[in-house]
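Line by line, the protein sequences give chains A and B. Each residue of the first sequence is one higher than the last, beginning at 1 in my numbering. Each residue of the second sequence is one higher than the last, beginning at 1 in my numbering.
It should be emphasised that the hints constitute simulated quantities derived from the structure, not laboratory data. Note that CB positions come from ideal geometry on N, CA and C, so glycine has one too. There could be a bad hint or two in this list.
Claimed, not checked - Just the calculated beta-carbon pair ranges, DEER-fashion: (1) B/T42 with A/L189: 39 to 47 Å; (2) B/A19 with A/S6: 32 to 40 Å; (3) A/F91 with B/A19: 23 to 31 Å; (4) A/L62 with B/K136: 53 to 61 Å; (5) A/Y5 with B/K68: 49 to 57 Å; (6) B/L56 with A/F91: 23 to 31 Å.
Stated by the list, open to error - Think about it this way: if two alpha-carbon atoms lie no more than 20 Å apart in a straight line, the pair counts; the simulated EDC-like pairs of lysine to aspartate or glutamate are: (7) B/K29 with A/D93; (8) A/K96 with B/E46; (9) A/K88 with B/E33; (10) B/K192 with B/E55.
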Amino acid sequence: MKKLYSIFKQGIIFDNPLLMLMIGLCSAIAVTTNVSNGIGMGLAMTFVLLFSEIIISLFRKLIPSMIRIPIFIIVIAAFTTIVDLVMKAYFPDLSKSMGVFIPLIVVNCIIMGRVEAFASKQDLLSVIADALGMGLGYTWVLVGLAAIRELLGNGTFAGIQVMPASYEPILFFILPPGGFFVFSLFISLNIWLKKKMEAAARRKELVSKKEAA
Amino acid sequence: MKKTKLGVILMLYASIACASLAIVYAFTKDSIERQSEIQLQTSLKEIFPQASTFELVEDLTSPEPNIKFEAVYEVKSDAVPLGLAIKASGPSYGGNATLLVGIDLHRSIAGVRIVALNDTPGLGMNASNPTYYVDKIKKVTFLGQFEGKFLTDPFEVKKDVEAITAATITSKSLAKIIKTAGDAAIAYMDQKVMMASMEVEKPNGETSIVAPPTASTGFPIGSSEGKSKEKIPPQAGGK
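Okay, chain A solo, but in the shape it has when bound (with noise of 0.2 Å):
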């Protein structure tokens, strides 16, 4: 259990996918012009990388090494196909408000890139673990993105007029250049907050140390 946790942990912010591993990254920076956007980017991306994660997982024993990739892609491709058709379906809502996300998750290469470095060599336990938490990850990094970019570029929050009317809204931030400007200060604060983190285990660990001493 405890091994779980943890694998889930390195997902949200020690291996977050956006702002330390710095994979899937054109999507988000596309997406993340509001929030509503960043929800529905984040848990759709989430869902495809859970089943495609198990579906590896589960046949990891079945694919001959010099074949992967190919075959991950293929399985991920045709994953990410019946999700679409099974929403445009059954949820048209749903779908329609997510419609534009599903093809950009084909090309979304976390999944391609966990399923390479995790999925293929883990049981199915701790791949769900992984799943979810780099899921997580990558959505508190689209939600924060563009709650930013929303409210400085657009003067709203989810759609939701939250400034003034006085206020001006500043475009940069909406347009791909202000992306890349608040994406680099979430860079610059993930890694501000994985040292702060690291120094507190060392401290603990130290402290554990002299007492067992």
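Let chain A serve as the given structure and place chain B on it in line with the hints.
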């Protein structure tokens, strides 16, 4: 020998993926079609709330080579024509955009709804965002500004059409699709009236069973007698 084995394995995976996709596609196909049909009907009803029937018109095609009319409906309320609705698709920033354009008998746009649009989320996709206003004070959405707009206007972005911020290409392409559909509809309605009036003028000399072209066959284009225009044309852009 080993390579052949690998190829066979890859082929197996691909065929399993294909088969499962085919099964899911077959299961969901009907449902997806039904959903899009329901969506189309609701959009038609939204544009023409008084309408009771939508008849498919076959003989109206797009004059522009890159804009296609996928379906044209003659909108009627108990045999009284209200206008035309055209499902038109044309190129936009992120591939083809499909719009449903309603044209009423006053030569103006009755309403525009998006059927399919794949532009940049947060920029071009604001065209379909019901809370994105091009006119923040009057709360007019991008598509809302076309409602009641007369087709004698040029429909040019930044002149009489307000563009979506940072999505000029989307704004221009959508305005062009709407204008093309509107013009074609007006031309079609004019032609219908001409044909109807020719029927009236047939020198048969017999009893004039033929009603004035307003009610039964044609479209009362230009017959402004007594028809108060409920819709006031919007102030053109303001710029």
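Okay, the hints, checked on the actual structure:
1. Between B/T42 and A/L189 the C-beta distance comes to about 45 Å, which sits within the given range of 39 to 47 Å.
2. A hinted range of 32 to 40 Å holds for the C-beta pair B/A19 and A/S6, which are about 39 Å apart.
3. Look at A/F91 against B/A19: about 24 Å separates their beta carbons, and that is inside 23 to 31 Å.
4. For A/L62 paired with B/K136, a C-beta distance near 58 Å keeps the hint of 53 to 61 Å intact.
5. A/Y5 and B/K68 have their C-beta atoms about 55 Å apart, which keeps the hinted 49 to 57 Å range intact.
6. Under the hint 23 to 31 Å, the C-beta atoms of B/L56 and A/F91, about 29 Å apart, fit the expected range.
7. For the suggested pair B/K29 and A/D93, the alpha carbons sit about 17 Å apart, so the restraint of at most 20 Å is met.
8. Taking the CA atoms of A/K96 and B/E46, the gap is about 18 Å. The hint holds against a cut of 20 Å.
9. Proximity of A/K88 to B/E33 is assessed by CA-CA distance (about 10 Å); at most 20 Å being required, the pair is judged to hold.
10. Proximity of B/K192 to B/E55 is assessed by CA-CA distance (about 15 Å); at most 20 Å being required, the pair is judged to hold.
When the structure is compared with the earlier hints, no violation turns up for any of them.
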